Amino acid sequence: MKLLSSYIKEMKIAARGFYFYIEIGMAVIILAVLLFAVNEFPTSSAKEFIYYDMSKEIKSLMLQEELDDGTLELAEPTQIKMKAALFSVKNKETNETKTYTYDEEIYHLDTYKVFDQKTGKLQKTIIETGSEDDLIRLAWQEKTIGAAVGMNEAGEASTRYYLQGYETARFQNLLYILQNESPATLQAAMDGMTITKLENAELLNTRQSLVPLLVVLMGALMGFFIAIAYIFLDKDEGVIRAYAVTPSTVWKYLLSKLLVIITTVIVSSSIFTIPVMGAQPHYLLFYTLLIVSSFAFSSLGILIATFFDSMSKTFGALYVFLIAMMLPAFSYYVPSFDPLWLRFFPTYPLLQGMKEIMMKSTDVNYVLLFSGVYLAGGIFLFLFANLRFKKTLAV
Amino acid sequence: MISVKNLSHSYGNDRKLAVKNISFEVENGETFGFLGPSGAGKSTTQGILTGLLKLQKGDVSVAGYDISRVHNERFNTIGVSFEQSNVYSKLTAKENLQFYAKLFDVPTRDPMELIHLVGLLGKENDLAGTFSKGMKHRLTFARSMINNPELWFLDEPTTGLDPAIAANIKDIIKEKTTAGTTAFLTTHNMFIADELCDRVAFIIDGEIVLIDTPSSLKLQYGQKLVVITYLKDDQVVKETLKTTDEKDRLRIGEVVNLYEVQTMHTKEATLEEIFIQVTGRGLV
Numbered sequence: 001m002k003l004l005s006s007y008i009k010e011m012k013i014a015a016r017g018f019y020f021y022i023e024i025g026m027a028v029i030i031l032a033v034l035l036f037a038v039n040e041f042p043t044s045s046a047k048e049f050i051y052y053d054m055s056k057e058i059k060s061l062m063l064q065e066e067l068d069d070g071t072l073e074l075a076e077p078t079q080i081k082m083k084a085a086l087f088s089v090k091n092k093e094t095n096e097t098k099t100y101t102y103d104e105e106i107y108h109l110d111t112y113k114v115f116d117q118k119t120g121k122l123q124k125t126i127i128e129t130g131s132e133d134d135l136i137r138l139a140w141q142e143k144t145i146g147a148a149v150g151m152n153e154a155g156e157a158s159t160r161y162y163l164q165g166y167e168t169a170r171f172q173n174l175l176y177i178l179q180n181e182s183p184a185t186l187q188a189a190m191d192g193m194t195i196t197k198l199e200n201a202e203l204l205n206t207r208q209s210l211v212p213l214l215v216v217l218m219g220a221l222m223g224f225f226i227a228i229a230y231i232f233l234d235k236d237e238g239v240i241r242a243y244a245v246t247p248s249t250v251w252k253y254l255l256s257k258l259l260v261i262i263t264t265v266i267v268s269s270s271i272f273t274i275p276v277m278g279a280q281p282h283y284l285l286f287y288t289l290l291i292v293s294s295f296a297f298s299s300l301g302i303l304i305a306t307f308f309d310s311m312s313k314t315f316g317a318l319y320v321f322l323i324a325m326m327l328p329a330f331s332y333y334v335p336s337f338d339p340l341w342l343r344f345f346p347t348y349p350l351l352q353g354m355k356e357i358m359m360k361s362t363d364v365n366y367v368l369l370f371s372g373v374y375l376a377g378g379i380f381l382f383l384f385a386n387l388r389f390k391k392t393l394a395v
Numbered sequence: 001m002i003s004v005k006n007l008s009h010s011y012g013n014d015r016k017l018a019v020k021n022i023s024f025e026v027e028n029g030e031t032f033g034f035l036g037p038s039g040a041g042k043s044t045t046q047g048i049l050t051g052l053l054k055l056q057k058g059d060v061s062v063a064g065y066d067i068s069r070v071h072n073e074r075f076n077t078i079g080v081s082f083e084q085s086n087v088y089s090k091l092t093a094k095e096n097l098q099f100y101a102k103l104f105d106v107p108t109r110d111p112m113e114l115i116h117l118v119g120l121l122g123k124e125n126d127l128a129g130t131f132s133k134g135m136k137h138r139l140t141f142a143r144s145m146i147n148n149p150e151l152w153f154l155d156e157p158t159t160g161l162d163p164a165i166a167a168n169i170k171d172i173i174k175e176k177t178t179a180g181t182t183a184f185l186t187t188h189n190m191f192i193a194d195e196l197c198d199r200v201a202f203i204i205d206g207e208i209v210l211i212d213t214p215s216s217l218k219l220q221y222g223q224k225l226v227v228i229t230y231l232k233d234d235q236v237v238k239e240t241l242k243t244t245d246e247k248d249r250l251r252i253g254e255v256v257n258l259y260e261v262q263t264m265h266t267k268e269a270t271l272e273e274i275f276i277q278v279t280g281r282g283l284v
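Same order as they appear, the protein sequences are chains A and B.
Residue numbers for the first sequence follow the numbering used here, beginning at 1 and rising by one.
Residue numbers for the second sequence follow the numbering used here, beginning at 1 and rising by one.
No false leads were slipped in.
Heads up, simulated EDC-like pairs for lysine to aspartate or glutamate below, C-alpha to C-alpha not over 20 angstroms straight-line:
{"hint": "1", "chain 1": "B", "residue 1": "K218", "chain 2": "B", "residue 2": "E268"}
{"hint": "2", "chain 1": "A", "residue 1": "K2", "chain 2": "B", "residue 2": "D105"}
{"hint": "3", "chain 1": "A", "residue 1": "K391", "chain 2": "B", "residue 2": "D66"}
{"hint": "4", "chain 1": "A", "residue 1": "K2", "chain 2": "B", "residue 2": "D110"}
{"hint": "5", "chain 1": "A", "residue 1": "K47", "chain 2": "A", "residue 2": "E73"}
{"hint": "6", "chain 1": "B", "residue 1": "K94", "chain 2": "A", "residue 2": "E237"}
{"hint": "7", "chain 1": "A", "residue 1": "K252", "chain 2": "B", "residue 2": "E73"}
{"hint": "8", "chain 1": "B", "residue 1": "K90", "chain 2": "A", "residue 2": "D236"}
{"hint": "9", "chain 1": "B", "residue 1": "K90", "chain 2": "A", "residue 2": "E237"}
{"hint": "10", "chain 1": "A", "residue 1": "K12", "chain 2": "B", "residue 2": "D126"}
{"hint": "11", "chain 1": "B", "residue 1": "K133", "chain 2": "A", "residue 2": "D236"}
{"hint": "12", "chain 1": "B", "residue 1": "K232", "chain 2": "B", "residue 2": "E260"}
{"hint": "13", "chain 1": "A", "residue 1": "K390", "chain 2": "B", "residue 2": "E73"}
{"hint": "14", "chain 1": "A", "residue 1": "K2", "chain 2": "B", "residue 2": "E73"}
{"hint": "15", "chain 1": "A", "residue 1": "K12", "chain 2": "B", "residue 2": "E124"}
{"hint": "16", "chain 1": "A", "residue 1": "K235", "chain 2": "B", "residue 2": "E83"}
{"hint": "17", "chain 1": "A", "residue 1": "K90", "chain 2": "A", "residue 2": "D133"}
In case anyone wonders, no lab produced these hints; they're calculated from the structure.
The structure displayed is predicted, hence computed values, not measured ones.
Go ahead and model the full structure; you've got the sequences and the hints to work with.
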């Protein structure tokens with residue numbers, strides 16, 4: 001009954017304050033952006049710069065088949081304004097360095113559009129340069145990879161790549177293998193692999209793939225921030241001291257705050273998740289993970305608030321924490337970047353779990369396992385915050 | 001109702017004590033004044049008695065509960081009026097009282113009755129955040145009575161209030177203490193203490209200097225004085241003379257016989273004067 005009274009009181013205060021409306025307003029803005037500004041299937045804007053180091057006849061032979069089946073289409077020439085430039089290029093094989101100097105000029109380059117054979121959608125644009133030096137200059141100016149396709153003495157296709165220098169060794173090796181291993185060797189290697197295909201595995205489209213990240217941001221991390229803000233609002237008003245001299249317990253006071261935050265998080269996350277995802281997610285798991293993760297992060301916020309006596313003094317800790325908690329987003333968007341240490345960040349399994357929930361084929365065990373972890377962690381943090389609060393009531 | 005034995009408290013790891021080995025008792029139904037200047041240790045003592053500060057050293061029992069142990073139910077019989085107003089600014093006056101009423105396990109008073117009592121009738125549906133400082137203070141004071149406390153902690157109950165409202169608050173305190181409520185009054189206002197308290201303790205630098213009744217202190221330390229203003233060579237002269245001093249008594253007779261007396265009245269020593277006399281320090 002006391003917990004219910006505290007919860008109702010906190011909801012009234014939240015409804016009359018601005019944090020609640022900031023969260024709801026943000027959710028509405030996110031929904032509008034997702035629906036109207038993010039394309040579900042964006043068209044590819046990838047460009048490739050290629051120089052065909054071969055005779056016109058051989059080049060025509062190479063391209064004709066694709067031009068005939070419609071996957072390649074000659075487009076309007078591309079006009080590119082070239083800046084004056086001075087740069088050096090190092091050959092990885094010979095270690096020789098060559099310096100290039102150019103004046104400002106305008107290129108008009110033959111352009112091809114490449115379409116997906118099945119869907120017919122635009123995949124990429126190929127821009128052909130007139131010389132290898134032009135290719136190098138374009139790769140330098142446009143900060144992209146250039147490829148010079150030629151024929152070796154044995155009459156086989158060979159490619160020289162011009163990279164930017166920051167590509168990973170893994171990527172360089174991949175290019176090397178693709179170009180140097182014979183098709184037979186590659187086929188043998190692929191035959192030796194065991195590939196398990198996930199049944200009904202369907203990837204999220206661009207719009208949907210943003211939802212797990214936004215849920216983590218608006219749920220766990222906003223909950224963490226709002227918990228701290230609510231505690232300091234009460235500290236400023238001194239009402240914590242008034243509560244402390246009633247027969248009610250501190251944990252009821254803290255839990256009522258968390259329940260308000262969880263309510264807000266449920267409402268705000270639902271505002272953009274349901275319209276974007278429709279009936280696809282496993283909603284029971286979604287709300288379970290959302291509630292336990294909000295509980296854990298808000299408890300952490302309350303605990304941190306007990307170590308400071310004003311909101312402004314928490315900013316340093318808040319900033320570091322929020323930046324650190326967003327690091328798993330890199331792994332989420334760039335799956336090849338998935339170091340072991342990143343998996344220990346609490347937002348990592350939350351992001352992956354939310355992604356699982358949003359997909360048609362949900363790994364229920366993974367989600368339930370981490371829901372349990374968040375619940376246990378949340379309870380621990382909550383009990384610790386409760387202990388700290390009792391000690392710091394008069395501060 | 002309150003028993004304090006050898007209580008000491010320190011805020012830091014340093015050895016500087018905010019409260020140094022103090023002992024006192026407050027009887028049932030008594031109004032006990034805890035008087036001293038800012039930083040004397042009054043609020044620290046009250047913080048420990050109300051459970052806001054952890055007991056570090058000493059034996060303290062409040063309303064029959066040993067406060068070194070957790071007994072939240074003891075607050076059913078305790079009321080605390082804070083010096084700094086601490087009400088929810090986003091709730092109305094009525095909602096503030098209604099919420100606190102629900103936190104107690106004992107029958108509570110009607111919020112509207114309390115609002116009327118402290119002169120906030122007509123403002124019950126206004127957000128407390130829109131209240132003046134005095135109005136917030138009255139709401140904080142009203143809240144401390146919501147559970148009909150048997151033991152009432154009052155921290156500077158009239159500080160910062162205009163005289164009419166302060167008089168109203170004093171009347172409410174008198175009425176409740178007359179009805180049997182025990183009050184622990186923390187203040188640096190000696191006039192309030194003189195008017196309301198059965199006994200007072202003077203505390204300075206964390207130590208209790210004396211505990212006695214105001215009347216006994218006046219008898220013990222006070223001096224009866226006569227203040228005379230008279231005309232001498234067309235100038236108004238003012239003299240303060242002790243009735244207990246032979247030389248001053250003769251001087252009173254001389255002034256009356258020789259000059260035209262304008263005013264003459266006796267003056268009793270105030271608690272503040274006694275405090276300064278005993279401690280050698282003022283109350284600010």
